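Participant: Sequence:
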Amino acid sequence: MLVSVFILKGKMRGSQIVGRVMLLCGLVMFFNTSLIEIFTRLTDYIWGVIFGLGS
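One point on numbering: in this note's numbering, the residue at position 31 of the sequence shown is 55, and numbering is uninterrupted.
You can trust all of the hints, since none of them are fake.
Label pairs and their computed distance ranges (CB to CB):
#: 1; residue 1: 59; residue 2: 33; range: 32 to 42 Å
#: 2; residue 1: 31; residue 2: 77; range: 17 to 27 Å
#: 3; residue 1: 45; residue 2: 76; range: 15 to 25 Å
#: 4; residue 1: 65; residue 2: 33; range: 33 to 43 Å
#: 5; residue 1: 51; residue 2: 28; range: 14 to 24 Å
#: 6; residue 1: 74; residue 2: 49; range: 14 to 24 Å
#: 7; residue 1: 33; residue 2: 64; range: 36 to 46 Å
#: 8; residue 1: 67; residue 2: 42; range: 29 to 39 Å
It is worth saying that the hints were derived from the structure and are not from the lab.
Just so it is clear, the structure is predicted and the values come from calculations on it, not from any experiment.
In this text, a Cβ means the ideal position worked out from N, Cα and C, and glycines have one as well.
Put together the whole structure using the sequences plus the hints.
Facilitator: Next up, the structure:
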């Protein structure tokens, strides 16, 4: 979604912005118990999270 805005010069609608905010809130709530580990240690679990978010 962000790539299309920056590279293809597309426009983000309001519903897309709301969806993105909801996605980020959901990810924060899902990973709430492991947020400290995510930001302090680089384990195989963290690499999986990074690759998952990157895709």
